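**Student:** Start from the sequences and build out the full structure, keeping to the hints where you can.
The chain contents come next:
Number of protein chains: 2
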Amino acid sequence: MKLKVKKINFETGNTKDVVINKKDALQLGQKAGERVYIKNIEAKSLENKYWVAIIQIDYSNSIVKQGEIGIFIDILQEKKELVEGATISVKPADPPDSFRFIKKKIQGKKLSSEEINSIISDAVSGSLSKIELAAFITGVSINGMDNEEMTALTLAEVRSGDMFYFGMDVFDKHSTGGVPGNKVSLIIVPIIAASGLIIPKSSTRAITSPSGTADSMETLAPVSFTSEKLKEMVSKHKSCIIWGGALNTSPADNILIEIERPLHMDPIGLMIPSILTKKLSLGVKKLVLDIPVGEGTKFPTPDAGKQFAYTFKEIAKNVGIEAECALTLAHQPIGHAIGPALEAKEALTLLMDYSAGPNSLIEKSTELAGILLEMGGKAQKGKGQILAKELLKSGKAYKKMQQIIQAQGGDPEIKPQDIKLGPYMKEFFTIKEGHITEVNNAIINQIAKAAGCPHSKSSGVEIFKKQGARIKQGDLIFRIYSDSESRLKKAEKIYNSTGGPIILGGMMIERI
Amino acid sequence: MKLKVKKINFETGNTKDVVINKKDALQLGQKAGERVYIKNIEAKSLENKYWVAIIQIDYSNSIVKQGEIGIFIDILQEKKELVEGATISVKPADPPDSFRFIKKKIQGKKLSSEEINSIISDAVSGSLSKIELAAFITGVSINGMDNEEMTALTLAEVRSGDMFYFGMDVFDKHSTGGVPGNKVSLIIVPIIAASGLIIPKSSTRAITSPSGTADSMETLAPVSFTSEKLKEMVSKHKSCIIWGGALNTSPADNILIEIERPLHMDPIGLMIPSILTKKLSLGVKKLVLDIPVGEGTKFPTPDAGKQFAYTFKEIAKNVGIEAECALTLAHQPIGHAIGPALEAKEALTLLMDYSAGPNSLIEKSTELAGILLEMGGKAQKGKGQILAKELLKSGKAYKKMQQIIQAQGGDPEIKPQDIKLGPYMKEFFTIKEGHITEVNNAIINQIAKAAGCPHSKSSGVEIFKKQGARIKQGDLIFRIYSDSESRLKKAEKIYNSTGGPIILGGMMIERI
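Just so you know, the sequences run in chain order A and B.
Be aware that the first sequence starts at 0, since it is given in numbering that gives the first Met the number 0, and climbs by one per residue.
Be aware that the second sequence starts at 0, since it is given in numbering that gives the first Met the number 0, and climbs by one per residue.
Check the hints yourself; a few may be wrong.
Since the list gives no way to pick out one identical chain from another, each pair is judged satisfied if it fits inside one copy or across any two copies.
As the list claims (entries may be wrong) - DSS-like mimics (lysine-lysine), calculated; alpha carbons at most 30 Å apart, straight line:
| id | residue 1 | residue 2 |
| --- | --- | --- |
| 1 | Lys398 | Lys6 |
| 2 | Lys64 | Lys79 |
| 3 | Lys3 | Lys489 |
| 4 | Lys228 | Lys488 |
| 5 | Lys398 | Lys492 |
| 6 | Lys109 | Lys488 |
The hints are simulated quantities; they were obtained by calculation from the structure and are not laboratory data.
In this text the structure is predicted, and so the values were computed from the model without any measurement.
**Tutor:** Set out below in structure tokens:
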């Protein structure tokens with residue numbers, strides 16, 4: 000069939016989609032989501048070959064008339080021979096081989112490295128449609144991936160994008176997430192860099208939580224950099240704390256995440272390759288993985304976390320990364336602050352003054368940093384945390400953090416009180432005495448997000464008393480900050496309707 | 000967030016999609032495929048309520064600028080309050096409950112009727128996105144549906160669309176497909192209607208095969224009708240042979256099929272409800288189901304077919320349909336003709352002259368018709384086929400077919416030689432003698448489709464000798480018709496490169 004190119008002034012991100020009229024689709028015998036070969040039969044350039052497009056159908060007959068083929072501007076920019084009005088030959092095409100491999104996974108079979116490579120390279124080129132990728136992700140969610148498959152997937156994803164080389168021994172820390180206020184990276188990175196080890200920390204923005212490391216760091220300095228600038232910063236300062244999203248590391252992983260997210264799926268078969276790909280792309284050789292376990296995390300029980308840790312370590316080893324995993328408590332926030340600016344403020348306060356605490360942040364940060372220091376030969380086995388605490392106490396970590404902030408374009412002299420909060424604020428006091436038996440993370444997250452997190456960096460919550468604390472009537476226990484009065488009201492309403500995140504009990508355990 | 004409506008002059012068929020700028024998406028914290036509540040905050044009409052839309056993101060910043068919300072014309076036509084330039088309030092929304100039920104199926108759990116109803120009603124309203132439906136279909140493919148779930152799904156799908164009532168006892172025939180040249184409906188429907196039973200045959204066009212019943216019938220008479228015309232025809236003539244696609248029976252099933260097709264999935268958990276929904280919508284009470292078994296069909300072994308038959312009968316009974324199933328041979332085509340016009344011609348020839356055969360078409364059609372005649376009390380148990388053959392031989396079935404053709408707007412005096420074939424044609428002759436040990440259906444389908452089937456109705460193939468036939472050198476064994484010289488060449492090439500669909504052997508079985 001011959002069709003004339005019609006430009007559609009709209010960028011889809013789906014670089015293989017074209018639009019044809021419903022009558023032409025009927026004649027081709029292809030339905031929406033099926034494929035066609037297309038080629039400009041007039042152009043003489045050597046690059047002018049048949050390529051495969053996925054069809055959308057204009058049921059309304061309003062944009063793409065019979066005899067036309069609608070091509071989106073992102074494709075027109077890429078395929079120079081497809082000028083408006085050009086005559087295009089169109090014929091039905093079968094799905095790519097990779098689609099057969101997706102079906103194989105759905106049938107519960109194991110995929111070979113070649114098959115996984117094929118799926119990943121077609122995902123990146125746009126040759127697999129979103130619904131085909133959704134089927135793949137669902138298939139992996141149900142049938143899983145074994146260690147060989149996860150290893151192959153990691154390597155395939157790494158190959159899909161840019162890679163960096165910062166030296167023989169590059170360190171990193173990662174968390175599987177799920178605990179509020181987990182600003183430990185802002186403490187660990189400067190400690191490790193202060194010890195002389197290389198740690199190019201590329202982090203994410205919050206997806207479902209009130210703040211990600213990149214969100215918090217952004218209240219201290221810019222976090223979005225080109226590859227060149229990243230190389231320069233790491234070679235000068237051995238470290239950085241940046242947002243990974245601006246780099247072109249593992250586009251394949253990003254494409255899968257774009258479908259996983261609306262499906263609320265994060266199967267282990269994809270999660271492990273996703274973590275390791277980002278690390279491998281940045282040349283990481285030694286990694287400590289923080290695995291929070293318990294309600295609200297990805298691992299409801301310590302056993303589930305432990306099982307994951309063993310699998311993770313093995314896949315990491317297969318791809319050349321030495322990984323140590325730490326199962327950590329997740330029953331209440333780390334420190335007191337939740338939200339981008341509040342977390343940065345709490346971290347900066349601790350970096351400047353060890354005695355300010357909070358204890359849970361010191362302990363978790365130095366435990367994880369200690370593992371890295373031991374892996375890097377900076378401390379003997381069992382002595383890493385002591386060294387980490389020294390680097391923190393002595394102000395060396397703070398000095399490193401100032402260098403990082405300056406290198407990224409922030410003010411190295413920034414003080415905790417300079418960090419903008421609110422400006423709307425509401426405090427909550429206890430109305431009776433007792434001791435705190437439980438802190439509810441889900442309610443904390445809900446309130447923080449209602450207040451504006453993570454998009455509003457100055458919004459967030461502070462929790463002043465945690466599990467085990469004794470409180471008396473009138474104690475300040477909770478504070479909400481928001482950038483908008485109406486959002487503050489909404490957050491307040493959640494606090495009042497749920498009774499807040501703190502559960503009080505008397506001291507009696509049982510009456511017999 | 001407040002955004003201004005911008006009209007996008009493009010109909011998507013996804014009635015819940017809206018487009019926002021990437022910056023606004025970031026601020027809302029919603030990614031592509033996630034949801035927002037939207038409402039015109041200026042309009043005062045009572046119908047002006049918050050409704051949920053699924054967002055697409057304009058990454059190019061070219062159509063939908065920051066501060067705008069792109070609304071497709073199909074939504075603008077439906078939601079009168081969304082005029083261009085209106086100010087819209089937009090806020091993040093969670094997925095509907097039905098999405099939780101999809102996840103439940105993916106986790107391998109059983110769904111309740113309420114949960115299935117919720118999925119189906121959200122699929123029809125456009126509240127579930129294509130990737131969510133792809134996840135559902137993949138989940139059903141892997142985890143299956145039990146009989147209660149299939150029953151509930153059938154009833155939910157029926158409720159999604161129009162229903163017809165043609166009387167207390169309405170009959171029908173259906174095939175699970177996979178055997179070429181299966182034009183039996185064109186024989187069975189007039190036989191059953193000639194006996195006095197009601198049979199409103201709604202059929203499909205070919206999807207992956209060279210011809211569907213609707214395609215063949217369309218070479219004799221129009222097949223696309225409104226509900227009113229259908230009611231009129233059935234009340235006058237007790238029958239019809241139409242294309243079901245023009246009716247609004249079970250839009251839910253059509254929506255699922257739109258995703259199943261590009262995924263090449265047709266799980267039993269959806270297939271049985273799909274068949275039964277279409278029948279139930281047309282008020283069918285008694286059904287004979289033709290289940291071809293063997294290579295190339297949905298059931299590779301008779302056992303697989305039998306198992307399916309038992310399940311089918313039970314679900315049918317649950318929804319008030321009495322079903323009889325017939326496992327049938329599928330090792331070679333039914334009759335000699337494959338392709339819309341050729342099949343209509345073969346059927347019309349038999350209806351006009353019983354002695355013309357072919358035998359396989361007579362036997363299969365009258366066996367299946369016989370079962371319906373017995374179910375309808377027109378023949379005693381075991382005597383149905385005899386009556387079916389009488390109705391065919393006596394010309395009563397032909398007379399009924401003439402009435403059907405006339406009622407649908409065709410020429411009742413049409414003769415086999417009036418049916419247009421080709422005009423390009425190529426014949427193939429044997430080059431050695433022997434007997435035919437095998438006929439390869441897949442090669443026949445491939446040749447017929449290369450020649451232009453099903454879109455080109457005059458294209459197709461004829462096979463003159465089938466399994467067990469003895470042939471001598473120079474016998475005509477195969478003929479290809481095509482509407483285009485180049486397509487004929489392509490079909491010819493497949494014949495030559497595969498050696499054709501017929502496999503010859505000597506008479507010797509074993510040499511010892």
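**Student:** First find the shortest C-alpha distance between Lys398 and Lys492 inside one copy, then the shortest across copies, and answer within, between, both or neither for a cut-off of 30 Å.
**Tutor:** Neither. Shortest intra-copy (42 Å) and inter-copy (76 Å) distances fail the 30 Å Cα cut-off.
**Student:** At most 30 Å between C-alpha atoms: does Lys398 with Lys6 qualify within a copy, between copies, both, or neither?
**Tutor:** Neither, since 55 Å and 54 Å both go past 30 Å.
**Student:** Taking 30 Å as the upper bound on the Cα-Cα distance, should Lys64 and Lys79 be classified as within, between, both, or neither?
**Tutor:** both (23 Å within a copy, 26 Å between copies)
**Student:** Within, between, both or neither: how does the pair Lys109, Lys488 come out at a Cα-Cα threshold of 30 Å?
**Tutor:** neither (52 Å within a copy, 41 Å between copies)
**Student:** Can you tell me if Lys228 and Lys488 fall within 30 Å by alpha carbon in one copy, between copies, both or neither?
**Tutor:** For Lys228 and Lys488, neither the intra-copy (42 Å) nor the inter-copy (59 Å) Cα distance is at most 30 Å.
**Student:** Classify it for me, Lys3 with Lys489: is the Cα-Cα distance of at most 30 Å met within a copy, between copies, both or neither?
**Tutor:** between (54 Å within a copy, 25 Å between copies)
When the structure is compared with the earlier hints, violations turn up for hints 1, 4, 5 and 6 and for no others.
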